[in-house]
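K.L.:
Below are the chains, spelled out letter by letter.
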Amino acid sequence: MAVYDHSYKNYAGPLTPDWSRFLVIPRHAFRDVFKSKLFTAFFALCFLPLLVEAILIYLHHNVNALAILRVNVRELIPIDASFFQTFVNLQGGFAFFVTLLVGPPLVSRDLRNNALPLYLCRPFSRAEYVAGKMSVVLILLSAMTWVPQLILFMFQAYLEGGSWLINNLWIASAILIASVVWILLLALLSQAISALVKWRVVASGALLGIFFIPSVFGEVVNQIFWTRWGSIISLGALTKNISAGLFGTFERTTGFATNMEGDVVSRVVMMEPPLWCSWAALFVVCAICLAILSAKVKAYEVVS
Amino acid sequence: MATAATFEQEINLHDPKNFAPVIDLNDLSVNFGKRQILKGLRGELRGRAIGLLGPNGAGKTTLIHTLLGFHAPSAGTAHIFGKDILTDAKQIRSLIGYMPERDSFIAKMSAVHFVRLMAELSGLPPEASLERAHEALFYVGLGEARYRSLDTYSLGMKQLAKLAQAIVHGPKLIFLDEPTNGLDPPARARMIRLIREIRDSGQANIVLSSHLLRDVEECCEEILILKDGYLAVYCNLEEERKSNRKFLVLETRGDDAKFVEAIAGLGCEYALTGDHRLKIVLTEGTEVRDLYRIAAEQNMQIRRLSYKRDSLEDIFLKAMENGNGSL
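Those sequence lines, one after another, are chains A and B. 304 is the number that our numbering gives the last residue of the first sequence; the numbers go up by one with no jumps. 327 is the number that our numbering gives the last residue of the second sequence; the numbers go up by one with no jumps.
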């Protein structure tokens, strides 16, 4: 099919490995995503807390810098599990807004333009399609969550010494698992909603609603019934509990019931749902998302 | 890295030892819910260009989609180049190009970006994909418009872009679903020319689904007619026409009565269709020269003699009347 002779020719060159084909989707999607200067600026802004984190770690180990700033090392936040948990949660918040911008149009645009038959008539399965679309979100979010967090953890370990690394290796695993759980949930939810709703704005609104409406409803349940079990329907609370569990800061007792003025109205101790319930609820949410994707990501919808 | 040449060696169509039907239908049935769409299709399709015909709802598109693996057969199976659509779907799809009937695009992309993406999804490395995307767009005649966004394309240009994405990876079998839909006459002629060029290159087999008989007649050597999910007719157009070579239409001057009597004497069937016009079916062993001899003996003139060739429309209409699911 050379330009000069305008004839049809088969392709006889090398082919890329099967396992790597899904990565074609994020490669082309990133070109599109980073065309927007506004998004690029926002994405760069998301790295600001990491810079602050790096500076704090650096200051802890640089006596000269502390002297210049006239700061006592004890006045600084201690570098421990809570320190990393705070920044993991902060980056998680930014990750949510990045997902809100990137996730919703990924599948919906293809559905609106009947593009799925074009993907699926090639040696490219539905699973690879979903993996490709999800990896757009996963790669972006990884770049701003667990990857820099682990680099900063290693930076702290480098400055503190080998024994600190060995004693705190569990923090690294907590950073990795908490971040991966959160970004996986975001990726799955955004793709499932994108597959259900064909319009980007509506899909973004739905994603926002899925996080905030159950949270508000759950809090109402908590207040009315003097319980903490309302958190089981709040995705934010679920992931917060899981993160706290991983960083060793999870406590089932949360205090006493109070009225609007803050006065204690009941001595009944309210308990957060146990951690396994949070994990189970997240698994259910993920399973529903996968079921939606399985039902909607098809070359053609069959009307029986 | 696997190579495309591996498959070529495996299924070299020019080597008679490896020759397998392009598509082999083995009692293929497809149900949508309780409704049976394809009903036990059976046959071996071997043509370079196969026309898929049938009235609306006959199952043409469902057949293509099933062969592409979009729908699972409820019974039976099919083989493409000897590979089973149930077990070797991915391998089969690496050999296939598909041009869908409906508008199918990826939004906010230039044509070259779109075709390149499609090539990469077919397994071509990025550099080769870009090169072939440019070539494919030049080949279909969109070379000058290849950097324009697909959203700005006219219907005819979109059809050509769909063809470009179907051929960019150099498939060995191309499914074209209503490729001339909505095209004006020059655009249609261009599309038909491209399809014929691809067919004549010998590098790819084509399955052309269309409700326009003229398109199929101009491009295809073989036709498969579906009716109510059954395979009504599968035939080679040229052979079908050849089989009608004994069917003559005559225009004469003189006494028709004596002439037809003499012809009946030869055992030929005949029908008078008008004043001095008659249709004759020659028997085995009867030649055209016998007609001239009889005409001379009867003092008749044969002013015009032509072979009646069945048009595709004749074949199609016959299939619609008689098609009962058997070949």
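Certain hints may be false.
Unchecked claim - Taking lysine-lysine and the DSBU-like style, the derived pairs with C-alpha atoms no more than 35 Å apart in a straight line are: (1) B:K258 with B:K172; (2) A:K298 with B:K34; (3) B:K108 with B:K34; (4) B:K90 with A:K296; (5) B:K246 with B:K258; (6) A:K298 with B:K246; (7) B:K318 with A:K296; (8) A:K296 with B:K258; (9) B:K246 with B:K158; (10) B:K246 with A:K296; (11) A:K298 with B:K158; (12) A:K9 with B:K34; (13) A:K9 with A:K240; (14) A:K37 with B:K108; (15) A:K35 with B:K158; (16) B:K108 with A:K35; (17) A:K9 with B:K83; (18) B:K83 with A:K37; (19) B:K258 with A:K9; (20) A:K298 with B:K258; (21) B:K246 with A:K198; (22) A:K9 with B:K246.
Keep in mind that the hints were calculated from the coordinates and are not lab data.
K.L.:
Now tell me if each hint is right for this structure.
P.N.:
Each hint tested on the structure:
1. B:K258 with B:K172: Violated, because 59 Å separates the two Cα atoms, which is more than 35 Å.
2. A:K298 with B:K34: With a Cα-Cα distance of about 20 Å, the restraint between K298 of chain A and K34 of chain B holds, given a limit of 35 Å.
3. B:K108 with B:K34: Distance ~40 Å between K108 of chain B and K34 of chain B Cα, so the pair is violated.
4. B:K90 with A:K296: 21 Å, holds
5. B:K246 with B:K258: Given pair K246 of chain B, K258 of chain B holds - Cα atoms ~22 Å apart, limit 35 Å.
6. A:K298 with B:K246: 52 Å, violated
7. B:K318 with A:K296: 41 Å, violated
8. A:K296 with B:K258: It is violated: about 74 Å lies between the C-alpha atoms, which goes past 35 Å.
9. B:K246 with B:K158: 45 Å, violated
10. B:K246 with A:K296: Not satisfied, since the Cα-Cα distance of roughly 56 Å exceeds 35 Å.
11. A:K298 with B:K158: 23 Å, holds
12. A:K9 with B:K34: The hint is violated at about 43 Å.
13. A:K9 with A:K240: 57 Å, violated
14. A:K37 with B:K108: Holds - the C-alpha atoms of K108 of chain B and K37 of chain A are around 17 Å apart, at most 35 Å.
15. A:K35 with B:K158: 25 Å, holds
16. B:K108 with A:K35: With a Cα-Cα distance of about 12 Å, the restraint between K108 of chain B and K35 of chain A holds, given a limit of 35 Å.
17. A:K9 with B:K83: Distance of about 23 Å is within 35 Å: holds.
18. B:K83 with A:K37: Roughly 48 Å between the alpha carbons, so the hint for K83 of chain B and K37 of chain A is violated.
19. B:K258 with A:K9: 61 Å, violated
20. A:K298 with B:K258: 70 Å, violated
21. B:K246 with A:K198: 60 Å, violated
22. A:K9 with B:K246: Violated. K9 of chain A to K246 of chain B sits at ~41 Å, over the 35 Å cutoff.
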